[in-house]
Amino acid sequence: MSVLVLIEHEAGAPKDASLATITAAQQLGEVHALVAGEGAEAKQAAETVAKVAGVAKVLLADDKAYGQMLAENVAPLVAGLMADHDALLCNATSIGKNIAPRVAAMLDVMQVSDVLSIEGSDTFTRPIYAGNAIATVKSSDSKKVMTVRGTAFAKAAASGGSANVESVAGPTDAGLSSFVGQETSKSERPELTSAKVVVSGGRALGSSEDFHKLIDPLADKLGAAVGASRAAVDAGYAPNDYQVGQTGKIVAPEVYVAIGISGAIQHLAGMKDSKVIVAINKDEDAPIFQVADLGLVGDLFQIVPELTQKL
Amino acid sequence: MKVLVPVKRVIDFNVKPRVKLDGSGVDLTNVKMSMNPFDEIAVEEAIRLREKGAASEIVVVSVGPQKAQDTLRTALAMGADRAILIQTDQEVEPLGVAKLLKAVMDEESPGIVLLGKQAIDDDCNQTGQMLAALSGRPQGTFASKVEVKGDTVEVTREVDGGLETVSLALPAIVTTDLRLNEPRYASLPNIMKAKTKPMATKTPGDYGVDIAPRLTTLKVVEPAKRQAGVKLGSVDELVTKLKDLGVAA
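These protein sequence lines are chains A and B, in that order. Numbered according to this note's numbering, the first sequence spans residues 262 to 572. Numbered according to this note's numbering, the second sequence spans residues -4 to 244.
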């Protein structure tokens, strides 16, 4: 089986989620990695991906139509390449979730979303009901299209491979959409979905000011990424891309520190695969303590500064 | 401009789903059902577009059992103008739903189709993107802001790195994220008024669409449960534990 993996890249390197998707793809067959983008950065990303262990071939699609990964332009490219592939794997990230279903519909394939494990060439497990149930599904489509949960697969080694890079061309700008701008939160901290340690704050922090005053220094001490509950994001204490949960980001770090987070099922769905969960909350009956390995009951406004200071 | 809003009847988001003992699925007997929360946001946004003068008529559509009428009535009570129920007791996958919606689009010619980014039961996050592909129209997924500007719509999207804004040629498909708006509650007079608003009932056969599922669910199980751990007595204990875990110096 030949498997096409849509690579997400930034600054000339594949994102961690794509390395995990490459691992998943290896369980299905020969891995062909598609790097779509524009100019020198895309070229550099293709060369970096060629060195990733387990990649048999890199396809480089360099066109300004692919620079912003607009689904209207990238989906036709991918759908065209699927003539020579049996499966398409994308990351279950905002880019993958945007593009994969568009490709699936163009191919008349029912996509399998957020794959947790590959049980066979046509059988996969995936979470439903916010992770409250895990379904095993079998696809009858001749080609498979799926998005893969990055935290469920180990990252492929960044070196050890020596694939060839082939240039491919696809349709140019579809003329349906254009990129206007972006507001990205720049941070020196590790990326939330691949950080070893995550410190998350909830509504109990009470304000944006206190959120950053308490959470940021602790995260810096632990070399951690910062996350937030939906309640904290909705209240404006933290930006949207901090949100951990069913509809936000799915994280599975070595250590997850939940501060002032009660533990709604939607939040637990995004972090319960963390290796060790630490919870700090003043309500000893908060549901977060039912999943926490280490709990500390008390006032976070006292505990967090003390903890930061003692670390 | 007409706005089409597809809505889905799902388990209420406050209910904790129970997996059936035989592993065949999630038990939905006597469980409270509601409109998918993301679809509620879509209905609200359509009403706001009408209030701003950007939309003239709001048509809501649902694919599901007869009971999905209740979901459509909720949307009518919020302010939608009329409803279409495509009635089926079969479980229809996103690809099938997208094909049906494409057929409705052909009949209704909406300027915008506004729908939830995902349903909270199957968590697929596919229908909007698939509809955009089948209709050959642009998509603005995970929207946190929607602004109609002449014959385009500007959509600010919640993406992994923050926010991204795209401009789409109309007609366009827009899927909603959590922070687009806060849906209104239907007032009692509007609930009464909704009862007399038009609702057409169709079947998938009326549109000549094949909705046979492509995926078979072999089994559904509960995820591995975490055991509650220990409660610590002091910050010092936590510091020691974090050091043992190797995450603190």
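I should point out that these hints are in silico values taken from the structure, not numbers from a laboratory. Ideal Cβ positions, reconstructed from N, Cα and C, are used throughout, including at glycine. A hint or two may mislead.
Claimed, not checked - Label pairs and their in silico Cβ distance ranges:
#1 A:Asp434 / B:Thr196: 52 to 58 Å
#2 A:Glu452 / B:Glu142: 25 to 31 Å
#3 B:Leu23 / A:Lys457: 35 to 41 Å
#4 A:Gly381 / B:Ala223: 44 to 50 Å
#5 A:Glu515 / B:Thr196: 52 to 58 Å
#6 B:Lys62 / A:Ser428: 51 to 57 Å
#7 A:Gly290 / B:Gly131: 54 to 60 Å
#8 A:Ala415 / B:Lys238: 50 to 56 Å
#9 A:Thr384 / B:Gln61: 30 to 36 Å
#10 B:Gln61 / A:Ser403: 32 to 38 Å
#11 A:Glu291 / B:Lys62: 32 to 38 Å
#12 A:Arg450 / B:Lys226: 45 to 51 Å
#13 B:Ser104 / A:Glu444: 30 to 36 Å
#14 A:Lys457 / B:Asn9: 32 to 38 Å
Unchecked claim - Once the Cα atoms are required to be at most 27 Å apart in a straight line, the calculated BS3-like pairs of lysine-lysine come out as:
#15 A:Lys457 / B:Lys47
#16 A:Lys536 / B:Lys220
#17 B:Lys27 / B:Lys11
#18 B:Lys236 / A:Lys482
#19 A:Lys533 / B:Lys62
#20 A:Lys404 / B:Lys214
#21 B:Lys11 / B:Lys47
#22 A:Lys447 / A:Lys404
#23 B:Lys214 / A:Lys533
#24 A:Lys304 / A:Lys447
#25 A:Lys416 / B:Lys15
#26 A:Lys416 / A:Lys318
#27 A:Lys543 / B:Lys27
#28 B:Lys47 / A:Lys533
#29 A:Lys457 / A:Lys543
#30 B:Lys238 / A:Lys536
#31 B:Lys62 / A:Lys482
#32 A:Lys533 / B:Lys27
#33 B:Lys236 / A:Lys457
#34 A:Lys457 / A:Lys536
#35 A:Lys399 / A:Lys447
#36 B:Lys15 / B:Lys62
#37 B:Lys226 / A:Lys474
#38 A:Lys304 / B:Lys62
#39 B:Lys238 / A:Lys474
#40 A:Lys474 / A:Lys457
Now the hints, each set against the structure:
Separated by about 42 Å at the C-beta atoms, aspartate 434 of chain A and threonine 196 of chain B break the suggested range of 52 to 58 Å. Checked against the hint of 25 to 31 Å, the pair glutamate 452 of chain A and glutamate 142 of chain B passes, with Cβ atoms roughly 30 Å apart. Between leucine 23 of chain B and lysine 457 of chain A the Cβ separation comes to about 39 Å, which falls inside the hinted range of 35 to 41 Å. Judged by the Cβ atoms, the range 44 to 50 Å given for glycine 381 of chain A and alanine 223 of chain B is violated: they are separated by roughly 35 Å.
Remark: the range hint 52 to 58 Å for glutamate 515 of chain A to threonine 196 of chain B is upheld by a beta-carbon distance near 54 Å. Against the hinted window of 51 to 57 Å, the Cβ-Cβ separation of lysine 62 of chain B and serine 428 of chain A comes to about 54 Å, which satisfies the hint. A hinted range of 54 to 60 Å for the beta carbons of glycine 290 of chain A and glycine 131 of chain B is inconsistent with their spacing of about 31 Å. For alanine 415 of chain A paired with lysine 238 of chain B, a C-beta distance near 26 Å fails the hint of 50 to 56 Å.
For the pair threonine 384 of chain A and glutamine 61 of chain B, the supplied restraint of 30 to 36 Å holds, since their beta-carbon distance comes to about 33 Å. The hinted window of 32 to 38 Å between glutamine 61 of chain B and serine 403 of chain A holds, with their beta carbons roughly 35 Å apart. Hint check: glutamate 291 of chain A to lysine 62 of chain B, Cβ distance near 47 Å, so the stated range 32 to 38 Å is violated. Distance hint check for arginine 450 of chain A and lysine 226 of chain B: the Cβ-Cβ separation is about 29 Å, which falls outside the suggested range of 45 to 51 Å.
For the hinted restraint 30 to 36 Å between serine 104 of chain B and glutamate 444 of chain A, the CB-CB distance of approximately 34 Å keeps it satisfied. Lysine 457 of chain A and asparagine 9 of chain B have their C-beta atoms about 34 Å apart, which keeps the hinted 32 to 38 Å range intact. Note on lysine 457 of chain A and lysine 47 of chain B: the hinted pairing is violated, with a Cα-Cα distance of about 46 Å set against a maximum of 27 Å. A threshold of 27 Å between alpha carbons decides the hint, and for lysine 536 of chain A with lysine 220 of chain B the separation of about 13 Å falls inside it, so the pair holds.
Between lysine 27 of chain B and lysine 11 of chain B the alpha-carbon distance is near 10 Å, which keeps this suggested pair within the 27 Å criterion. This hinted pair checks out: lysine 236 of chain B and lysine 482 of chain A have alpha carbons roughly 15 Å apart, not beyond 27 Å. For the hint pairing lysine 533 of chain A with lysine 62 of chain B, the CA-to-CA distance comes to about 34 Å; that exceeds 27 Å, so the pair is violated. Note on lysine 404 of chain A and lysine 214 of chain B: the hinted pairing holds, with a Cα-Cα distance of about 22 Å set against a maximum of 27 Å.
Taking the CA atoms of lysine 11 of chain B and lysine 47 of chain B, the gap is about 38 Å. The hint is violated against a cut of 27 Å. The suggested pairing of lysine 447 of chain A with lysine 404 of chain A is violated, with an alpha-carbon distance near 39 Å, which exceeds 27 Å. Distance hint between lysine 214 of chain B and lysine 533 of chain A is fulfilled; the C-alpha atoms sit about 22 Å from each other, no more than 27 Å. With a CA separation close to 24 Å, the supplied pair lysine 304 of chain A and lysine 447 of chain A stays within the 27 Å bound.
Among the hinted pairs, lysine 416 of chain A with lysine 15 of chain B is inconsistent with the structure: their alpha-carbon atoms are about 34 Å apart, more than 27 Å. In summary, the hint linking lysine 416 of chain A to lysine 318 of chain A is supported, as the alpha carbons are separated by about 18 Å, within the 27 Å threshold. Of the supplied pair hints, the one linking lysine 543 of chain A and lysine 27 of chain B is violated, its CA atoms being roughly 31 Å apart against a limit of 27 Å. Note on lysine 47 of chain B and lysine 533 of chain A: the hinted pairing is violated, with a Cα-Cα distance of about 42 Å set against a maximum of 27 Å.
Among the hinted pairs, lysine 457 of chain A with lysine 543 of chain A is consistent with the structure: their alpha-carbon atoms are about 26 Å apart, no more than 27 Å. Of the pairs offered as hints, the one joining lysine 238 of chain B and lysine 536 of chain A holds, with about 15 Å between alpha carbons and a cut-off of 27 Å not exceeded. At most 27 Å may separate the alpha-carbon atoms for a hinted pair to count; lysine 62 of chain B and lysine 482 of chain A exceed this at roughly 54 Å. Distance restraint check for lysine 533 of chain A and lysine 27 of chain B: the Cα-Cα separation of roughly 26 Å lies within the 27 Å cut-off, and the hinted pair is therefore satisfied.
For the hint linking lysine 236 of chain B to lysine 457 of chain A, the alpha-carbon distance of about 16 Å falls within 27 Å, and the restraint holds. Distance hint between lysine 457 of chain A and lysine 536 of chain A is fulfilled; the C-alpha atoms sit about 10 Å from each other, no more than 27 Å. For the proposed pair lysine 399 of chain A and lysine 447 of chain A, the alpha carbon gap of about 41 Å is over 27 Å, so the pair is violated. Among the hinted pairs, lysine 15 of chain B with lysine 62 of chain B is consistent with the structure: their alpha-carbon atoms are about 22 Å apart, no more than 27 Å.
Note on lysine 226 of chain B and lysine 474 of chain A: the hinted pairing holds, with a Cα-Cα distance of about 25 Å set against a maximum of 27 Å. With a C-alpha separation of about 54 Å, the suggested pair lysine 304 of chain A and lysine 62 of chain B falls outside the 27 Å cut-off, and the hint is violated. For the hint linking lysine 238 of chain B to lysine 474 of chain A, the alpha-carbon distance of about 23 Å falls within 27 Å, and the restraint holds. For the hint pairing lysine 474 of chain A with lysine 457 of chain A, the CA-to-CA distance comes to about 22 Å; that is within 27 Å, so the pair holds.
Of the hints listed earlier, those the structure fails to meet are numbers 1, 4, 7, 8, 11, 12, 15, 19, 21, 22, 25, 27, 28, 31, 35 and 38, in rising order.
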